[in-house]
Structures are given as C-alpha cells and as structure tokens.
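Residue numbers (the numbering used here), protein chains in the order written: chain A, 1 to 160; chain B, 1 to 211.
Hints were generated in silico from the structure; no laboratory data involved.
Do not take every clue at face value.
[As the list claims (entries may be wrong)] Calculated Cβ distances over 10 angstroms to all of chain A for the following chain B residues:
1. Pro8
2. Lys13
3. Arg16
4. Lys18
5. Val24
6. Ala26
7. Pro31
8. Ala38
9. Phe44
10. Ala64
11. Gln91
12. Glu107
13. Gln112
[As the list claims (entries may be wrong)] Covered stretches of chain B (in silico footprint by chain A; criterion: 3 or more residues with CB under 8 angstroms from a CB of chain A, positions within the stretch not fixed):
14. 52-61
15. 65-72
16. 75-89
17. 97-105
[Unchecked claim] Simulated pairs of lysine to any residue, SDA-like, Cα-Cα distance not exceeding 20 angstroms:
18. A/Lys45 <-> B/Arg17
19. A/Lys54 <-> B/Ser47
20. B/Lys42 <-> B/Arg17
21. A/Lys45 <-> A/Leu79
22. B/Lys42 <-> A/Ser57
23. B/Lys105 <-> A/Asp105
24. A/Lys45 <-> A/Arg19
25. A/Lys54 <-> A/Lys80
C-beta atoms are modelled at their ideal positions from N, C-alpha and C, and glycine is treated no differently.
The residues making up each chain are set out below.
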Amino acid sequence: MASSSSSNPAPCAACKFLRRKCVPGCTFAPYFPAEQPTKFVHVHKIFGASNVGKLLSEIPSHQREDAVNSLAYEAEARLKDPVYGCVGAISLLQRQVFNLQRELDATNADIIRYAANRTNSNNDWRIDSDGSGYYYDPNSGLFLPYHWSSGGAAPSERDI
Amino acid sequence: MASSSTSPCAACKFLRRKCQPECVFAPYFPPDQPQKFANVHKVFGASNVTKLLNELQPQQREDAVNSLAYEADMRLRDPVYGCVGVISLLQHQLRQLQMDLTCAKSELSKYQNLGGISSHGLIAAAAAHHQGINLLGGGARDHHFHHQLFPVNHQNHQVIRAAFDGGNGYDAAGSLLAMNMSASIGQLSGFQQTRAAGAAADGRRTPVEPS
C-alpha cells in the first residue's frame with residue numbers, strides 16, 4: 001500500500017475512510033484526526049463528505065473547527081434519535097425555558113404584591129391578584145381604578 | 001400514456017426527474033414548498049435523506065423530514081453552529097432563569113417569613129433577564145457566550161410550542177409545533193467544546209464529559 005517512508009504522514013480519518021491519498025492540503029485533515037475515526041464516519045453518514053467539504057469551504061478557516069464539531073454533535077444526535085435528532089433537545093429546552101419564565105413571572109408578581117402591601121400601611125391603595133391597582137378615594141369611600149387618578153405611576157413602580 | 005395531471009413533488013422538480021407514484025419524497029416535499037427540499041438537499045443530500053427515511057417507520061417519516069428541514073434551515077442561517085447554536089442559547093437562557101428564580105424565591109420567602117426587605121433591585125435584575133426566545137437571533141454574528149453543552153433531562157412525548165419564525169417560504173415553526181417530541185440528547189462522546197466567537201457572558205466553562 002503506502003510507502004513506509006517517514007515523509008508520508010498517516011492519512012486523516014476522512015481519507016482513510018474514503019480510501020484515498022491524504023494530500024498535504026487536505027481539507028478534512030485538521031478536523032478529523034486519524035485517532036477519531038468514528039467522528040468522520042458519523043458525519044459522513046448523515047451529511048456526506050462532499051456536503052461537509054462544500055460547507056467548510058464557505059466558512060473562514062478560524063471557524064471551521066467549531067463548524068466540524070457542531071456537525072459531529074448533530075450527526076451523533078441524529079444517529080441516537082433518527083426521527084428528531086438534536087431538534088428534540090431544542091423542543092425540550094424551549095419548554096423548560098417557557099415554564100421557568102412563567103414561574104419567575106409568578107414569583108416576581110408575588111414579591112411585588114408583598115412589597116406593595118407592606119408599604120400600604122394606611123390602606124390607601126391595593127393590588128388585586130390579577131395585578132390591577134386601586135386607590136382609596138375618600139370622597140366616595142370607594143377603591144377606584146388607579147388609572148382614574150392623576151397620580152401617574154402605579155404603586156408598584158412608585159413605592160418599591 | 002399516464003396522465004400528467006399530478007405535478008411533480010418539490011424533490012423531483014429540483015432533481016429534474018419524473019415523479020413516480022411511489023416517490024419516497026412526494027408525501028413530505030409538496031410542490032408548493034420548494035425551499036424546504038432545496039435546503040435539505042444542500043445540507044444532507046438527497047441520497048442520505050432517502051437512506052434515513054427508509055430506515056424509519058412510515059408514521060415517523062413526516063416528523064423526521066420536518067426536523068431535518070429545521071436543521072437544514074438553521075445550518076444555512078448559521079453555517080458554523082447550526083442547531084447547536086440554538087441549543088447553546090437555550091441552555092444559557094435556562095441557566096440565567098434558574099439563577100433568577102432561585103434568587104426570587106429566596107426573596108419571596110423572606111417576605112413571607114420575615115418581611116421588611118426591599119426587593120426592587122432583585123425585580124430589576126429579573127426583568128433585565130426577561131428576554132423572549134429568539135431562535136434565529138444572531139447566528140454566527142452574535143455569540144457572546146461559550147457554547148456549553150451538558151445533558152438535558154429525558155422527558156416523554158410532549159407537544160412543544162416553538163416561538164420563532166421559520167421563514168424561507170415554508171413554516172418550519174409550524175411543522176415543529178405539530179411534532180410530538182421526545183428529547184434524549186445526552187453526553188456525546190468525542191465532542192469538544194466549541195469556542196464562542198465573542199466573549200463569554202458568564203465566564204464559566206463546563207466541559208462535556210465523554211460517554
């Protein structure tokens with residue numbers, strides 16, 4: 001096969017798999033070292049060597065390592081889950097972010113209510129559980145919607 | 001002579017071949033969504049997609065094609081990171097939210113138990129982190145954090161709502177919405193942590209442990 005001369009470096013994982021000569025300027029060699037054969041096998045299986053080559057040629061050289069590693073990640077994910085690949089993880093994360101945001105909003109709303117009610121020692125105004133604010137109008141003896149007043153900012157912004 | 005009343009599917013139109021009745025692409029690449037197949041072909045290649053579909057049950061193929069279309073779309077928008085950029089962003093958001101929630105709950109418990117502690121600074125901090133989910137935000141142009149990948153908890157099938165705009169002439173977001181998803185991303189062997197294009201937001205580097 002190849003000569004045993006020390007001037008011939010070992011082929012990269014891509015050229016070894018593709019059974020071709022690994023030339024000095026090989027596009028794949030920096031990112032698919034010979035000691036990680038499965039990385040190229042998986043990327044080739046999902047994306048194809050020529051697609052990967054075209055993709056890399058359109059990316060600046062300093063970003064190619066990241067690109068190859070993200071392709072390898074996606075390829076692994078697709079092999080583990082042929083139906084959804086890494087999109088399954090995206091969906092799960094979206095759901096988790098959505099739920100956490102909702103929980104944070106609810107907790108903050110509780111904090112605002114506690115803080116607001118603590119400064120409302122004279123019971124001049126109140127905030128209901130739906131977030132609506134009311135102020136006490138001594139003339140009528142009623143709690144009126146806050147935006148009817150000429151005060152401007154809502155209690156949560158003014159008093160906290 | 002067979003009638004030519006059925007228009008070829010987007011795949012056969014793109015590949016300039018006759019669309020046979022048993023065409024494997026036809027159910028998933030309708031002629032009114034040409035960009036969908038063009039993207040998938042560019043990233044994965046028609047033969048790879050065919051092999052992938054042939055290894056799946058027929059009832060799984062629509063979801064598979066839609067997830068491939070989404071991945072292809074993301075890769076074309078962000079050639080360096082593709083979907084992995086989206087995952088990193090979401091993990092970052094999740095970490096921030098978890099920290100904010102921990103602080104908020106701690107503050108709330110003080111109100112409930114002790115009282116008298118102002119929390120305006122906390123609420124301002126939490127509001128600053130309140131950001132919408134923008135899966136198309138920035139791509140390769142806007143990575144201001146490390147791409148840290150760590151295991152995600154396994155979860156059963158759920159219908160997930162995706163808050164992004166698919167664009168490109170077909171509704172990738174809508175297709176994603178319709179999918180019942182199970183997520184099983186775990187630790188990946190041999191994957192090296194990717195480097196962000198910009199500065200890290202939190203400065204931590206969490207290595208991905210090989211499986």
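Cross-check of the supplied hints:
| no. | hint | result |
| --- | --- | --- |
| 1 | Pro8 | holds (23 angstroms) |
| 2 | Lys13 | holds (20 angstroms) |
| 3 | Arg16 | holds (19 angstroms) |
| 4 | Lys18 | holds (24 angstroms) |
| 5 | Val24 | holds (15 angstroms) |
| 6 | Ala26 | holds (19 angstroms) |
| 7 | Pro31 | holds (24 angstroms) |
| 8 | Ala38 | holds (13 angstroms) |
| 9 | Phe44 | violated (6 angstroms) |
| 10 | Ala64 | violated (5 angstroms) |
| 11 | Gln91 | violated (7 angstroms) |
| 12 | Glu107 | violated (6 angstroms) |
| 13 | Gln112 | violated (7 angstroms) |
| 14 | 52-61 | holds (count 4) |
| 15 | 65-72 | holds (count 4) |
| 16 | 75-89 | holds (count 10) |
| 17 | 97-105 | holds (count 6) |
| 18 | A/Lys45 <-> B/Arg17 | violated (25 angstroms) |
| 19 | A/Lys54 <-> B/Ser47 | holds (17 angstroms) |
| 20 | B/Lys42 <-> B/Arg17 | holds (17 angstroms) |
| 21 | A/Lys45 <-> A/Leu79 | holds (9 angstroms) |
| 22 | B/Lys42 <-> A/Ser57 | holds (14 angstroms) |
| 23 | B/Lys105 <-> A/Asp105 | holds (11 angstroms) |
| 24 | A/Lys45 <-> A/Arg19 | holds (16 angstroms) |
| 25 | A/Lys54 <-> A/Lys80 | violated (25 angstroms) |
Comparing the model with each earlier hint shows violations of hints 9, 10, 11, 12, 13, 18 and 25; every other hint is respected.
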